[in-house]
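Student: Go by the hints and put chain B onto chain A.
Order-wise, the sequence lines are chains A and B.
Residues in the first sequence are numbered from 180 upward in steps of one, following this note's numbering.
Residues in the second sequence are numbered from 180 upward in steps of one, following this note's numbering.
Take these hints with a grain of salt, some might be off.
Since copy identity is lost for identical chains, a pair holds within one copy or between any two.
Said to hold, decoys possible - Listed below are the simulated BS3-like cross-link pairs for lysine-lysine, each with C-alpha atoms no more than 25 angstroms apart in a straight line:
1. Lys438 to Lys453
2. Lys453 to Lys329
3. Lys438 to Lys329
4. Lys329 to Lys346
5. Lys453 to Lys346
Keep in mind the hints are simulated off the structure, nothing from the lab.
Source: prediction; values computed, not measured.
Number of protein chains: 2
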Amino acid sequence: MSYPEWKTGTTTPTIGVFDSGFGGLTVLRALVARLPGARFAFLGDTARLPYGSKSRRTIARYAAQSAQFLVNQQGAEFLVIACNTASALALDAIQDAVPVPVLGVIEPGAEAARAASRTGDVLVIATGATVESHAYAAACRARGLRALEKACPLLVPLVEEGWTDHKVTAEVLRIYLNELNAEAVAQGMNPDTLVLGCTHYPLLRPLIERAVPAGMRVIDSAEAAAEAAALLFNGRAQVSNEAARPGQVRCFATDSVEKFERLGSRFLNQPTGKVELIDLGG
Amino acid sequence: MSYPEWKTGTTTPTIGVFDSGFGGLTVLRALVARLPGARFAFLGDTARLPYGSKSRRTIARYAAQSAQFLVNQQGAEFLVIACNTASALALDAIQDAVPVPVLGVIEPGAEAARAASRTGDVLVIATGATVESHAYAAACRARGLRALEKACPLLVPLVEEGWTDHKVTAEVLRIYLNELNAEAVAQGMNPDTLVLGCTHYPLLRPLIERAVPAGMRVIDSAEAAAEAAALLFNGRAQVSNEAARPGQVRCFATDSVEKFERLGSRFLNQPTGKVELIDLGG
Numbered sequence: 180m181s182y183p184e185w186k187t188g189t190t191t192p193t194i195g196v197f198d199s200g201f202g203g204l205t206v207l208r209a210l211v212a213r214l215p216g217a218r219f220a221f222l223g224d225t226a227r228l229p230y231g232s233k234s235r236r237t238i239a240r241y242a243a244q245s246a247q248f249l250v251n252q253q254g255a256e257f258l259v260i261a262c263n264t265a266s267a268l269a270l271d272a273i274q275d276a277v278p279v280p281v282l283g284v285i286e287p288g289a290e291a292a293r294a295a296s297r298t299g300d301v302l303v304i305a306t307g308a309t310v311e312s313h314a315y316a317a318a319c320r321a322r323g324l325r326a327l328e329k330a331c332p333l334l335v336p337l338v339e340e341g342w343t344d345h346k347v348t349a350e351v352l353r354i355y356l357n358e359l360n361a362e363a364v365a366q367g368m369n370p371d372t373l374v375l376g377c378t379h380y381p382l383l384r385p386l387i388e389r390a391v392p393a394g395m396r397v398i399d400s401a402e403a404a405a406e407a408a409a410l411l412f413n414g415r416a417q418v419s420n421e422a423a424r425p426g427q428v429r430c431f432a433t434d435s436v437e438k439f440e441r442l443g444s445r446f447l448n449q450p451t452g453k454v455e456l457i458d459l460g461g
Numbered sequence: 180m181s182y183p184e185w186k187t188g189t190t191t192p193t194i195g196v197f198d199s200g201f202g203g204l205t206v207l208r209a210l211v212a213r214l215p216g217a218r219f220a221f222l223g224d225t226a227r228l229p230y231g232s233k234s235r236r237t238i239a240r241y242a243a244q245s246a247q248f249l250v251n252q253q254g255a256e257f258l259v260i261a262c263n264t265a266s267a268l269a270l271d272a273i274q275d276a277v278p279v280p281v282l283g284v285i286e287p288g289a290e291a292a293r294a295a296s297r298t299g300d301v302l303v304i305a306t307g308a309t310v311e312s313h314a315y316a317a318a319c320r321a322r323g324l325r326a327l328e329k330a331c332p333l334l335v336p337l338v339e340e341g342w343t344d345h346k347v348t349a350e351v352l353r354i355y356l357n358e359l360n361a362e363a364v365a366q367g368m369n370p371d372t373l374v375l376g377c378t379h380y381p382l383l384r385p386l387i388e389r390a391v392p393a394g395m396r397v398i399d400s401a402e403a404a405a406e407a408a409a410l411l412f413n414g415r416a417q418v419s420n421e422a423a424r425p426g427q428v429r430c431f432a433t434d435s436v437e438k439f440e441r442l443g444s445r446f447l448n449q450p451t452g453k454v455e456l457i458d459l460g461g
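Next up, chain A with everything else stripped away, as it sits in the complex (with noise of 0.2 angstroms):
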C-alpha cells in the first residue's frame, strides 16, 4: 500500500480531518482513540454537503478550499480526508492544493477488504458519486479482488432522521442489500466480505450486522483509515501517549453549527465542544 510520507518535529502534531458534514466524525472517534497524543481540527463543509450528489469538478474545488483552510489557518501537519466521496474524486485536487501529505478512505479500505476476504469477492455499499466513481473497485483491483458496488441514497438520511435503530431502516437496509447480492450472484460472484464506504454508515453497523448473511464480514473504512493513519504516526512520529485531554480537538463548520453540534456527538461518540463557524466563500 502506498501511504503518503509523514515526518514531524512536534510531540503534538496537529491532524487536520475534513469531510462534506460531520459524517467524518466516526473516523475522527476512530483517530482520538488511537492517537491520544495528537491535535486534531476536523472541518465539516456543511454549507455545501452534500458532496455524494456533485460532480467531480465542484467536489475537488471544495475539498481543496477545505483543505487549505486546515492547512494554512489550523497549521495541520498531516490530513486525513474523513469523505468517501472526496477520497474517491478529489484526493489529487487535495494533494495538489496543499503541502502536507493527505490520506483518504478508500485505500485503507480496500486494504482491509483484502485482508478480511478469502473468496476475493467484495461488496461495498456507498453514495451516488462515490459508487459512480469507481474507486473502490479500483482500489480492490489493486489488491487481486473483485468489487461490486452500490449507491444506497436513503441511509445517510436515515442516518440524519436519527432512526439508526428503526424497522424501516432495517427494511430499506434489506432490500438495498437484496439487490445487491442478486447482482453478485448473477455476475456469479461469491463475496465474503462487505465494505462500508460511507462514513455515515458505522451508525447502521448493527442493523447492518443483521441483515447481511452469516460469516460476512463488515470492514468500516473509517476504522480502516485511522488504524492506517495511527500505524503512520506511530512508525515515524513521537506522538505523547497521554490520555484525550480537554481542547485536543477542535470543530469547524461552514454552516448550520447548531445541527453540527446536536447530531455531531452521535458520530464522535463524546460532545463536539463548540463548533467554529467559518466561511469558505461560494
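Tutor: Just chain B now, with coordinates in the frame of chain A:
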C-alpha cells in the same frame, strides 16, 4: 393577498423559475399548463442543494445569486421562487437583489389552505429549514388559520430514489402523518387540510391521499403558486394563447446536469430538453 405588481409590453414574456434543485419543476409544469404563451427560464442551483438543511444567511446568498442570473442573463421579467425553503427564508433577499416582481410559494399555499379549510386548522409538511422558519405558520396566522408544521426530511430522498409508489415510502408517510396528527390532537386542533410545503411532495400525492384521514383536503403549494402567477398574468399581461412550443422552456443547472435531465422529466412530466450548465461561483 398582496402579490407583486407586474406589467409587460411583450406578448411572450420570460418568466424565471428558480429552485435549489429540480423539485421546482413541479411548479414549472403547473405554470406551463396555465400560461402556454410565455417563455420560461428555469434554474436549479444543484451545486449547492439541498437548501433545506442550510442557514438563512447561506440560503439568502445562494438564492440572490440565482435570481440575478435569471434576470440579468436570461431577461426574466418576473420570478417565481419554486422552492419552499428559499421562499420561506430568502424572499426579501431576492426582492432586494433584482428589480423585477418576485412570487414565492408560501403565500399562495397558505391562501389555498384558507380557501379549503372549514375548521381553520391546517397541517403543513415540509423540509427542516422551511419548518424552522415557521413561514407557513405565519402566513396561515395572517389569514386566521392555525397551522401545525412538521419536518419530513426523508421524503425528498425517497422521491429522488424513485420510490414514489413504494411500501417503504408509504410506511414513512404513515409514521410522519401519525406523529403530526397526534401532536395536532394534543394541541386541541381539528385539522381538515394538509399543505404540501415542498416541491418534491406532489410526486407523492397519490400515497399521501391514501395516508390522510378521509375528508382531509390536500393542498399542493406548487399548484397554488402557479395558479396565483397565472391570475396575475392573465390580469395584467397580453400573454399569447398559443399551445406550448419547442424552446418554450430552457433549463439551467449549476451542477449534475445528467442527473437533472434523468430525474427532471418525472417532475416536469415531459423531457427537460438539454440542461445547460452554468457557474455561479462558490
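Student: Now look at each hint and say whether the structure bears it out.
Tutor: Structure-based check of all given hints:
| no. | hint | result |
| --- | --- | --- |
| 1 | Lys438 to Lys453 | within (12 angstroms within a copy, 37 angstroms between copies) |
| 2 | Lys453 to Lys329 | neither (36 angstroms within a copy, 28 angstroms between copies) |
| 3 | Lys438 to Lys329 | between (28 angstroms within a copy, 17 angstroms between copies) |
| 4 | Lys329 to Lys346 | both (21 angstroms within a copy, 21 angstroms between copies) |
| 5 | Lys453 to Lys346 | neither (33 angstroms within a copy, 41 angstroms between copies) |
Hints 2, 5 from the list above are not met by this structure, while the remaining hints are.
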